[in-house]
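Student: Residues per chain are reported as follows:
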Amino acid sequence: MLTIKCPWCGDRDLTEFAAGGEGHIARPLEPATQSDAEWGDYIYTRKNTKGIHYERWMHAQGCRRWFNAVRDTVSDEFLAFYKTGEPAPKVEGDGS
Amino acid sequence: MVNTTFDVSKISPLDGMVPPVGGVSLREKSYVGKINLRGNVESGDFGHIVESVLGGFVPTTPNTVVHYGDLTIFWLGPDEWLIHTPEGGQGDLIDRLRAALGDTHSAVTDVSDYFVVIEMRGTDCRDVLARGCSLDFHPRSFVADQCAQSHFSHANVLIHQINDTDFDVQVRWTYAQYLWGFLAEAVENMAA
Ligand SMILES: [Zn+2]
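Residue numbers (my numbering), protein chains in the order written: chain A, 1 to 96; chain B, 97 to 288.
These are computed hints drawn from the structure, not numbers from a lab. Every residue gets a Cβ at the ideal spot worked out from N, C-alpha and C, and that includes glycine. Hints are supplied without guarantee of correctness; some may be wrong.
Label pairs and their calculated CB-CB ranges [to be verified]:
#1 H163(B) x Y82(A): 27 to 37 Å
#2 I107(B) x G93(A): 30 to 40 Å
#3 K47(A) x R236(B): 35 to 45 Å
#4 D241(B) x D11(A): 15 to 25 Å
#5 A226(B) x E86(A): 26 to 36 Å
#6 A203(B) x E86(A): 17 to 27 Å
#7 M1(A) x R236(B): 11 to 21 Å
Using 20 Å as the maximum straight-line C-alpha spacing, the simulated DMTMM-like pairs for lysine to aspartate or glutamate come out as follows [claimed, not checked]:
#8 K83(A) x D72(A)
#9 K125(B) x D166(B)
#10 K83(A) x E138(B)
#11 K50(A) x E77(A)
#12 K5(A) x D72(A)
#13 K5(A) x D232(B)
#14 K106(B) x D206(B)
#15 K106(B) x E183(B)
#16 K90(A) x E55(A)
#17 K83(A) x D175(B)
#18 K106(B) x D209(B)
#19 K83(A) x E176(B)
#20 K5(A) x E183(B)
#21 K90(A) x E22(A)
#22 K125(B) x D232(B)
Just need the whole structure built from these sequences, with the hints factored in.
Tutor: Below, the structure written as structure tokens:
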């Protein structure tokens with residue numbers, strides 16, 4: 001069974017969580033001045049990483065908080081979990 | 097003159113449900129007052145204002161429960177708590193919380209009719225819970241006045257351990273019969 005570590009609740013079953021896609025994508029601070037291309041980039045462009053991926057998760061059936069995780073998309077192994085707002089931890093094998 | 101007095105009778109989705117026969121007894125804890133409270137305890141006045149109304153600080157350790165007088169307060173998230181009051185006590189407490197909080201960034205919501213509470217009593221509670229929930233209910237990892245939000249099969253639940261053996265399970269109104277049926281069947285299967 002795949003377990004995910006919520007930064008507040010600890011280790012829980014995968015079935016309690018919802019995946020939120022790539023992390024650390026900041027919403028434009030000045031929406032009015034964004035071009036269509038810049039909006040398109042913000043909304044649609046993703047790294048689609050093979051390997052170390054920084055991503056968002058939500059403890060949907062638990063404390064309902066968003067947080068970040070580092071996952072190897074090849075092995076599905078989770079390498080780190082950290083709260084929203086905390087800097088991304090450097091993990092071994094991260095080529096980015 | 098038309099008589100405008102209505103006789104409002106309270107109903108529960110668990111009215112008429114048959115309790116199982118086995119190592120765990122099931123009973124609804126009827127009409128508990130429930131308040132959802134949100135605010136930031138890490139900065140500003142919220143924590144101390146709420147403390148002055150409740151008689152103590154809200155629990156800040158994840159998944160724990162505290163008791164102040166006849167109030168029970170559950171940690172739901174770093175900025176979210178659930179308060180259980182005696183039947184009918186929620187209205188007054190909501191008024192007092194809102195009055196004390198004033199413009200402080202917060203939310204106080206009456207969720208009394210949103211959830212029902214099922215009392216599980218008996219030595220087999222941990223085994224019955226394990227039939228539908230992946231949490232570790234062994235005494236080394238789940239103890240009295242610990243709580244956890246998870247799912248029991250398809251139902252979203254808040255599980256609260258009362259003492260060494262007993263648990264309360266809170267579930268949404270619309271899932272109450274489903275959960276009761278699942279628990280009752282688990283109890284009877286274990287007894288068979
Ligand atoms: Zn959590």
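Student: When you check the alpha-carbon spacing of K90(A) and E22(A), does it fall within 20 Å?
Tutor: holds (16 Å)
Student: Regarding H163(B) and Y82(A), is the given constraint of 27 to 37 Å on their beta-carbon distance met?
Tutor: holds (33 Å)
Student: Straight-line Cα separation of K106(B) and D209(B) no greater than 20 Å?
Tutor: Holds. K106(B) to D209(B) sits at ~10 Å (cutoff 20 Å).
Student: Mind checking the alpha carbons of K5(A) and E183(B) for me, to see if they're no more than 20 Å apart?
Tutor: Cα-Cα ~37 Å, so violated.
Student: Starting from K5(A), check that the Cα of D72(A) is at most 20 Å away, please.
Tutor: holds (15 Å)
Student: Against the 20 Å threshold, does the CA-CA distance of K83(A) and D175(B) hold or violate the hint?
Tutor: holds (14 Å)
Student: Is the straight-line distance between the alpha-carbon of K83(A) and that of D72(A) 20 Å or less?
Tutor: Within the cut-off at roughly 18 Å; holds.
Student: Quick one, are K125(B) and D166(B) close enough, alpha carbons at most 20 Å?
Tutor: holds (15 Å)
Student: Keeping to a limit of 20 Å between CA atoms, is the pair of K106(B) and D206(B) held or broken?
Tutor: OK: K106(B) and D206(B) at ~17 Å, within 20 Å.
Student: Taking 35 to 45 Å as the hint, is the beta-carbon distance of K47(A) and R236(B) inside that range?
Tutor: holds (41 Å)
Student: Is it true that the C-beta distance of M1(A) to R236(B) lies inside 11 to 21 Å, as the hint says?
Tutor: holds (19 Å)
Student: Regarding I107(B) and G93(A), is the given constraint of 30 to 40 Å on their beta-carbon distance met?
Tutor: At 58 Å between Cβs, range violated.
Going through the hint list in order, the structure does not satisfy hints 2, 20, 22.
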